[in-house]
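Residue-level listing of the chains:
Protein chains: 4
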Amino acid sequence: MSNYQDIKVQAYQANMQLPKLGLVLFTFGNVSAVDRAKGVFAIKPSGVPYEDLSPDDMVIVDFDSNVVEGRLRPSSDTKTHAVLYKHWEDIGGIVHTHSTYGTAWAQAQKAIPIFGTTHADHLTVDIPCAPPMADEMIKGNYEYETGFQIMNHFENLGLSYKEVEMILVGNHAPFTWGKTAEKAVYNSAVLETVAQMALLTQQINPQAPKLKDSLIKKHFERKHGEGAYYGQK
Amino acid sequence: MSNYQDIKVQAYQANMQLPKLGLVLFTFGNVSAVDRAKGVFAIKPSGVPYEDLSPDDMVIVDFDSNVVEGRLRPSSDTKTHAVLYKHWEDIGGIVHTHSTYGTAWAQAQKAIPIFGTTHADHLTVDIPCAPPMADEMIKGNYEYETGFQIMNHFENLGLSYKEVEMILVGNHAPFTWGKTAEKAVYNSAVLETVAQMALLTQQINPQAPKLKDSLIKKHFERKHGEGAYYGQK
Amino acid sequence: MSNYQDIKVQAYQANMQLPKLGLVLFTFGNVSAVDRAKGVFAIKPSGVPYEDLSPDDMVIVDFDSNVVEGRLRPSSDTKTHAVLYKHWEDIGGIVHTHSTYGTAWAQAQKAIPIFGTTHADHLTVDIPCAPPMADEMIKGNYEYETGFQIMNHFENLGLSYKEVEMILVGNHAPFTWGKTAEKAVYNSAVLETVAQMALLTQQINPQAPKLKDSLIKKHFERKHGEGAYYGQK
Amino acid sequence: MSNYQDIKVQAYQANMQLPKLGLVLFTFGNVSAVDRAKGVFAIKPSGVPYEDLSPDDMVIVDFDSNVVEGRLRPSSDTKTHAVLYKHWEDIGGIVHTHSTYGTAWAQAQKAIPIFGTTHADHLTVDIPCAPPMADEMIKGNYEYETGFQIMNHFENLGLSYKEVEMILVGNHAPFTWGKTAEKAVYNSAVLETVAQMALLTQQINPQAPKLKDSLIKKHFERKHGEGAYYGQK
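Residue numbers (our numbering), protein chains in the order written: chain A, 41 to 273; chain B, 41 to 273; chain C, 41 to 273; chain D, 41 to 273.
Fair warning: there could be bad hints in the mix.
The list cannot tell twin chains apart, which means a pair is met if one copy fits it or any two copies do.
[What the hints assert, rightly or not] Here are the simulated DSBU-like pairs of lysine-lysine, each with C-alpha atoms no more than 35 Å apart in a straight line: (1) LYS263 - LYS250; (2) LYS78 - LYS150; (3) LYS179 - LYS250; (4) LYS179 - LYS263; (5) LYS258 - LYS78; (6) LYS219 - LYS150; (7) LYS78 - LYS252; (8) LYS179 - LYS78; (9) LYS250 - LYS78; (10) LYS219 - LYS202; (11) LYS250 - LYS150.
Hints in this document: simulated from the structure, not taken from any laboratory.
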């Protein structure tokens, strides 16, 4: 049995949630799960249909994108995952999808406005949208640079990856992360439903105001603050 | 066996309808069922996935929000349910969801206009949308105040909770109720489909007129008046 | 065994297609099937959930809306069916639903424009939308008058019920019919998908032109003309 | 056993993917698979429900639209398939559907703008929309002429059918193709999701810019260029 069995199973199970949650068509998505002690992560192989996957198909990669174990080629987005794991040291899992509404906001190059408590239950700011990359970054080491594009946008906005666990990459699609791969998948589904609700909100009322500060604070703290009282202890 | 077995089963079964009807993502919703004789209600525990629920997980709470029986922490929205049960004495069940279209109207801070007979079969007025709460109410006993926000809006509009069994809370999401928990869930599904139809109606015809009085009256009375002839006797 | 077993089974099977095709929520729809020789039709009982239905629950009604056989109360829309069967002598089945997109067009009081071949495969004109009824008709024998509202609108537009097997009733919802109950259900599904495509077409291009005559003629005749070559002989 | 068993099975399996992928209502679609050595293709019979199909029902047709083997009448769109196989010699499979969003763009007579990487992963230009045909072509050999309408539009735009494997036919619906029938079905699903995302993108941001050249090139080459690194070798 592999030394990396735990994260292979975690990554496998989290990947299998994507089609179940309606977040992917064909192979348009990938999830990874990290083992911080060993300095590696397990990620979906590239272009393999979800129905054919098994835990053993997961590819083990280090934070410099070297394949450590695995018969298959890792996801084409592997370098983006590696960069984020290397620099954001508390992330346990990462998800990339082309989910319909999230991708539409990314293509529109618009951050998703915070219109309601469904959004505020998970983050206190608009879901950020990084601008499309500069041409030299695209022509160069594209997926590696995508990781920096994400981190730079967080830095420019003064955001913490521990508080905001999702982003849109302009013209491309969403990335989400979390303490675990499972939480990162949860965040992908939240992003998709919030993205749909936000578009519908603007269609119903083009002048819809953003959520006011007191409600943002209340809802986020119900779930995440010191005195959080959502869920079981 | 619990003294509250009946309402535990009712609340459990009604909660399990929410994912089946497509009204919730993850744990974004809750249903309660009341026992008026005993002065308590059974409500979903907070943050527990629907697929893991059993009737025994339901939490028994009194109308002042004290937990009477249960191993788990009750829904974070429990105080809203308690307030409504205490003051609206004919309610048998309450539902809260973040269903997609209903939530979008709430985020848009717009009542849902009565455009057709699907709406009039269930209520004779626009589905009301309570304004977002004042900051001091939000910072204070938020979920408790949400109950009063709902009741105050009904009073301001001169509505009866017996005739109008649903409301949007501005920036938040829908609440519905009914004689039973099952009926309250039914109302949540009706609200969601009416919310979608109303948006589509406005998209097809921005000048769409509201339903005229004679049709409102006819359809409501088919189902609810003295001479109602819809359904079995 | 009932003398009307055949139409009971036909009506039952056609009714069960409605939830399968996503055309109804709860009990918001009904199908009937006629026996012309016996001068009666079988129709869904009012307000009974689809999952509880059996062929024996179907109610047998004559063309003057008298119940001939059946333990249950017939659909509240029974009189509309009776009027149409009485006056349109080649109809074998009738369907009424509150399907989402069809109902939105009805609420918008707009005929559905003929934008493409999916529409022209089934009818050569816009899907008509009858205006809401006059107040005295609504207050009187409402469901009976609904039948005349449908027939009058066809007469005003010079349409034949044999060529156009569907209509929207303004502020209400779609009715469809056909040589059999099964065909009427098929038409309901066609109406719903054409209704969705037409709205999307206008959203993509508010100046989208209607389908030109040569294409309307060609597509309709492929399926319905003398030299029809769609389907098996 | 038939001499054409291989393509019958391929066509059958590819056809059965259409309802599974949500691309067809009833019989509104067809797939064919070619045998270049024998100069024939297998295609769905006309108007037969998917649930009733078996591989033996597939009809074998040559490139001049003559039926070579089969008990049933071939799809009414057979001549379009025949023309494309005859002239585009590297095509292995063809699909025609009336999928909802793709058809809406066709009805709107608009090419689908390239807004993001989901699109660029598959083709580097807008998804073309051929104009509706001239009246004499429609009145004449309609389905045969549809093939030429498709090829002429590609020629006018300077496109290669090997690089762009999909088109909308104005007022009608999408056609896609590929090296195999399976790939052609894949392309139909890609077209449908890209069509939905493009409409949503314009609704979120009516001024959304198209994808820039560097990103178009990068994403297409990840999957299709000399140094492609998507998928397994």
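Results of checking the hints against the structure:
1. LYS263 - LYS250: within (20 Å within a copy, 39 Å between copies)
2. LYS78 - LYS150: Neither: 38 Å inside a copy, 53 Å across copies.
3. LYS179 - LYS250: between (38 Å within a copy, 18 Å between copies)
4. LYS179 - LYS263: Between copies, since 15 Å is at most 35 Å while 42 Å is not.
5. LYS258 - LYS78: Classified as between; 33 Å across copies, 39 Å inside a copy.
6. LYS219 - LYS150: Answer is within: at 26 Å inside a copy they meet the 35 Å cutoff, but 37 Å across does not.
7. LYS78 - LYS252: neither (44 Å within a copy, 40 Å between copies)
8. LYS179 - LYS78: within (32 Å within a copy, 45 Å between copies)
9. LYS250 - LYS78: Neither, since 43 Å and 42 Å both go past 35 Å.
10. LYS219 - LYS202: within (9 Å within a copy, 44 Å between copies)
11. LYS250 - LYS150: Both: 15 Å inside a copy, 14 Å across copies.
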